[in-house]
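Number of protein chains: 2
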Amino acid sequence: MPVPADAPFLRACRAEPGPTVPVWFMRQAGRSLPEYREVRGEGSILDAIRIPDLATEITLQPVRRYGVDAAVLYSDIVTPVAAIGFGVDITPGVGPVVERPFASAADLERLRPLEPEVDLPYVLETVGNLVHELDEVPLVGFAGAPFTVASYLVEGAPTRTWTKTKALMHTDPGLWEALVDRLADQALASLRAQVGAGASAVQLFDSWAGALTPSDYERFALPASTKVLEGVADLGVPRVHFGVATGELLPLMQQAGADVVGVDWRVPLDAARARLAPDTVLQGNLDPALVVAGWEPTAEGARDVLRRNDGHPGHIFNLGHGVLPETDPEVLERLVELVHDEGRADAQPSLLGAEAPS
Amino acid sequence: MPVPADAPFLRACRAEPGPTVPVWFMRQAGRSLPEYREVRGEGSILDAIRIPDLATEITLQPVRRYGVDAAVLYSDIVTPVAAIGFGVDITPGVGPVVERPFASAADLERLRPLEPEVDLPYVLETVGNLVHELDEVPLVGFAGAPFTVASYLVEGAPTRTWTKTKALMHTDPGLWEALVDRLADQALASLRAQVGAGASAVQLFDSWAGALTPSDYERFALPASTKVLEGVADLGVPRVHFGVATGELLPLMQQAGADVVGVDWRVPLDAARARLAPDTVLQGNLDPALVVAGWEPTAEGARDVLRRNDGHPGHIFNLGHGVLPETDPEVLERLVELVHDEGRADAQPSLLGAEAPS
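As you go down the protein sequences, you meet chains A and B in turn. Take 1 as the starting number for the first sequence in the working numbering and just add one per residue. Take 1 as the starting number for the second sequence in the working numbering and just add one per residue.
Please keep in mind that the hints were generated in silico from the structure rather than gathered at the bench. Please read all numbers here as calculations on a predicted model, not as lab measurements. Idealized CB from N, CA, C, for every residue including glycine. Treat the hints with caution; some may be incorrect.
Stated by the list, open to error - Residues of chain A placed beyond 12 Å of chain B at every Cβ, according to the derived structure:
hint: 1; residue: 6
hint: 2; residue: 16
hint: 3; residue: 60
hint: 4; residue: 65
hint: 5; residue: 84
hint: 6; residue: 90
hint: 7; residue: 98
hint: 8; residue: 101
hint: 9; residue: 122
hint: 10; residue: 124
hint: 11; residue: 156
hint: 12; residue: 217
hint: 13; residue: 259
hint: 14; residue: 291
hint: 15; residue: 311
Stated by the list, open to error - Reference listing, derived: stretches of chain A covered by chain B, where coverage requires no fewer than 3 residues with Cβ under 8 Å from a Cβ of chain B:
hint: 16; segment: 166 to 176
hint: 17; segment: 223 to 235
hint: 18; segment: 267 to 279
hint: 19; segment: 293 to 300
What the hints assert, rightly or not - What follows is a list of derived Cβ distance ranges for each label pair:
hint: 20; chain 1: A; residue 1: 325; chain 2: B; residue 2: 31; range: 58 to 64 Å
hint: 21; chain 1: B; residue 1: 160; chain 2: A; residue 2: 64; range: 47 to 53 Å
hint: 22; chain 1: A; residue 1: 173; chain 2: B; residue 2: 223; range: 43 to 49 Å
Using the sequences and the hints given, assemble the complete structure.
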């Protein structure tokens, strides 16, 4: 059965009032789940992604356990560059590590166009499996935004300063533009193929965009991200755009072609919406560390998020970044219940008067 | 000769128009300078700090080379907790590492009150030396804010998620408050002693405050930082308050008792001032990675900072975070010249009409 157009997640993406506040969690599939650790074994996530039955199972696990309103494909933002042989791997506990970082025009040749059916057949098979298994639950496909993927390729390893990346964009803007343009084409091809295989929505992860000043973001990141988001506009699926520490970038990230703006935990939802058009759909934004702290801080924080959203129908509840590995799944399970139970009243302010004590 | 009250840095702290826009750089003394690497040798920074002649020389090096408008004491925010024997060291390339992290009420006993004259005589000797050597250049003393120092003690090592710290504050707020209260007393004692020895201004570094939501900052960090800043109010020296990724926290950080609000590079100065009282004095905020990228990006970025300050007399030029080790000192040298030359016109908008081409 196809995903109904009035699935809570899809309604919220259109800012249509629904019976519940939809909720899913970035990185909901992963190390926090015992059933994940059981099936996953050792080895790189990039190897696990290449096994459709495994990636399907891992994607489904949190949907079964939590009853979330969306599934998110078990994959990684470096999957496309790894698939075309750029020499990227993900070191557990470290992150993406690049054998020969991107440093000069000659490295552009190592970034040929992505052909999803040829380069990522296993991803498309996983998406196909999932669409069948998920039934009425929407699947969120995703890609890494050109800036963030480029920063991995240029730095070679996780960084706290993005020094090489910023040096490249400022000292050789032509080369930088060529780099992010190729990565934009890859992200676009990947997202189109995921939607073609049945994904109901897409999210562009620009995880580290918040490292940039607004003017650098506008000049060096926005054009390529716009190419990706505008390039899927004709597919008619909601486009979510997310990064961390992006308080000053939210209007630009919306302008890139986002239907839904993801907000990290640093910016209260009311402050975020005040910087954007009033009808903006927001996704977020409970601090993932609160969930690790336990149920009471989680419940308190979640109620604060709902209160700051103030019943706006354009709200998809999520964490402000990915689920942390130390998370107790039972807390997330109760969190989904809380959002569904208490968010409902919030999403239908017209009912509040009748329910309030006189 | 004492520092004159009309030193450019001190005038700007009072938002008084001056002949130049003052400039200094966080971490201006350090690995980016060849003369630093020459005198510094191997070993922990905490050992170097214990040698007043060495710490004095290192503090003076950037003042000599760059002609900056303030010196900043060569020390570290964990100096006080290390001095009372909490078991903290700074691992090169990693950061503060704690042998036995803070985990329970019993650990409070390891945080006895700081007696600066007994515990940090070498720091006070360095300050005394510097005041003599610096002549008319103000010395900025500093301390780590209770939240940031506590996060080092609780995590035991640098973190990207502050999971243990946030868990402690939410699950045992009483213990958390006792912890940051002790650290506030230490910071206060250290700052008062530094001013007593001759420092002309103080900066409270809450480097990682931006990891907190505004409501968590208000509840768990603001009271202790207020205790520190209000506790030096009677000394009559300007109080600077700085952290990274604090766009949403700026009004609270000002409210804590700051005369000058430090701004990281993510928030343009005009956006920062729009969130604060119009007469607010700001310090910042060129992206330190631009300086590594070279002179052209540095000049362009510096002019953008000056333009966004729009001639406001309450502006101290600085980077948005510390000088990166890869920085070429010649670029910083030219940057000081640019700010002094071009910021001057900016700081005296009344002169602009006469100087502008007709």
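Open item on the list: According to the definition I'm using, a residue is off the interface if its beta carbon is farther than 12 Å from all beta carbons of the partner; does residue 259 of chain A meet that for chain B?
Closed with: Residue 259 of chain A clear of chain B: closest Cβ-Cβ about 24 Å, beyond 12 Å.
Task: Exclusion check [residue 156 of chain A not at the chain B interface, CB over 12 Å] - done: 15 Å, holds
Open item on the list: Is the coverage entry for the segment 267 to 279 of chain A by chain B consistent with the three-residue Cβ rule at 8 Å?
Closed with: holds (count 3)
Task: Interface-negative label, residue 291 of chain A against chain B, beta-carbon threshold 12 Å - done: Contrary to the label, residue 291 of chain A does not stay out of reach of chain B, its closest Cβ about 10 Å off (not over 12 Å).
Task: Distance rule for residue 90 of chain A, whose beta carbon must clear each one in chain B by more than 12 Å - done: With a cut-off of 12 Å, residue 90 of chain A remains clear of chain B, as the shortest Cβ separation is near 16 Å.
- [ ] Check the non-interface label on residue 124 of chain A: least C-beta distance to chain B beyond 12 Å or not.
- [x] Holds: least Cβ distance 33 Å, greater than 12 Å.
- [ ] Verify that the Cβ of residue 16 of chain A lies farther than 12 Å from every Cβ atom of chain B, and report whether the claim holds or is violated.
- [x] The claim holds: residue 16 of chain A sits with its nearest Cβ about 29 Å from chain B, beyond 12 Å.
Task: Assertion that residue 122 of chain A lies outside the chain B interface [Cβ separation over 12 Å] - done: For residue 122 of chain A, whose nearest Cβ neighbour in chain B is about 30 Å away, the distance exceeds 12 Å, so it holds.
TODO: Could you let me know if the closest chain B CB is still more than 12 Å away from the CB of residue 311 of chain A?
DONE: 19 Å, holds
Task: Given coverage of the segment 293 to 300 of chain A by chain B, tested with a Cβ cutoff of 8 Å and a minimum of 3 residues - done: holds (count 4)
TODO: Taking the shortest Cβ-to-Cβ distance between residue 6 of chain A and chain B, state whether it exceeds 12 Å.
DONE: Fine: 33 Å to the nearest Cβ keeps residue 6 of chain A off the interface.
Task: Interface exclusion of residue 217 of chain A relative to chain B, criterion Cβ beyond 12 Å - done: Given that some Cβ of chain B is not farther than 12 Å from that of residue 217 of chain A, nearest at about 10 Å, it is violated.
Hints 12, 14, 17, 20 and 21, counting from the list given before, are not met by this structure.
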